[in-house]
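In our numbering, the protein residues as written are 1 to 110.
It is worth saying that the hints were derived from the structure and are not from the lab. Because the structure is a prediction, the values reported are computed rather than measured. Among the hints, a few may not be true.
Unchecked claim - Calculated pairs, DSBU-like style, for lysine-lysine (alpha carbon to alpha carbon, straight line, at most 35 Å):
id, residue 1, residue 2
1, 6, 58
2, 86, 8
3, 6, 86
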Amino acid sequence: MGKTYKGKLVVLTNEFSQSQAEYTAMAFRAGDNTTVIGSTTAGADGNVSPLFLPGGLKTMISGIGVYYPNREETQRIGIVPDIEVKPSIEGIKAGRDELLERAIEIISEN
């Protein structure tokens, strides 16, 4: 087996993170030295199935529940970050990526 990464890992999420991005955040969080930062994800994980409605309308629904290994639900709840970091108006105006800046701070800490 190859070498395993032993360093710090920071996963960035926000309300637009959904589906596979939520699975990925959950999987990385299960490892050592992982910190999830940002805002809570969309809570839209699980399979997607079509639902056909009268009048030729069609919508999509998620038909299964998704859970952490400890049985906590993620569907409609999302992945809650370990550290909440949201862009500020001042940061946006200045062209800063405050989420990335915080991730770099975490990785740089001893």
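Against the structure, the hints:
no.: 1; hint: 6 <-> 58; in the structure: 47 Å, violated
no.: 2; hint: 86 <-> 8; in the structure: 21 Å, holds
no.: 3; hint: 6 <-> 86; in the structure: 28 Å, holds
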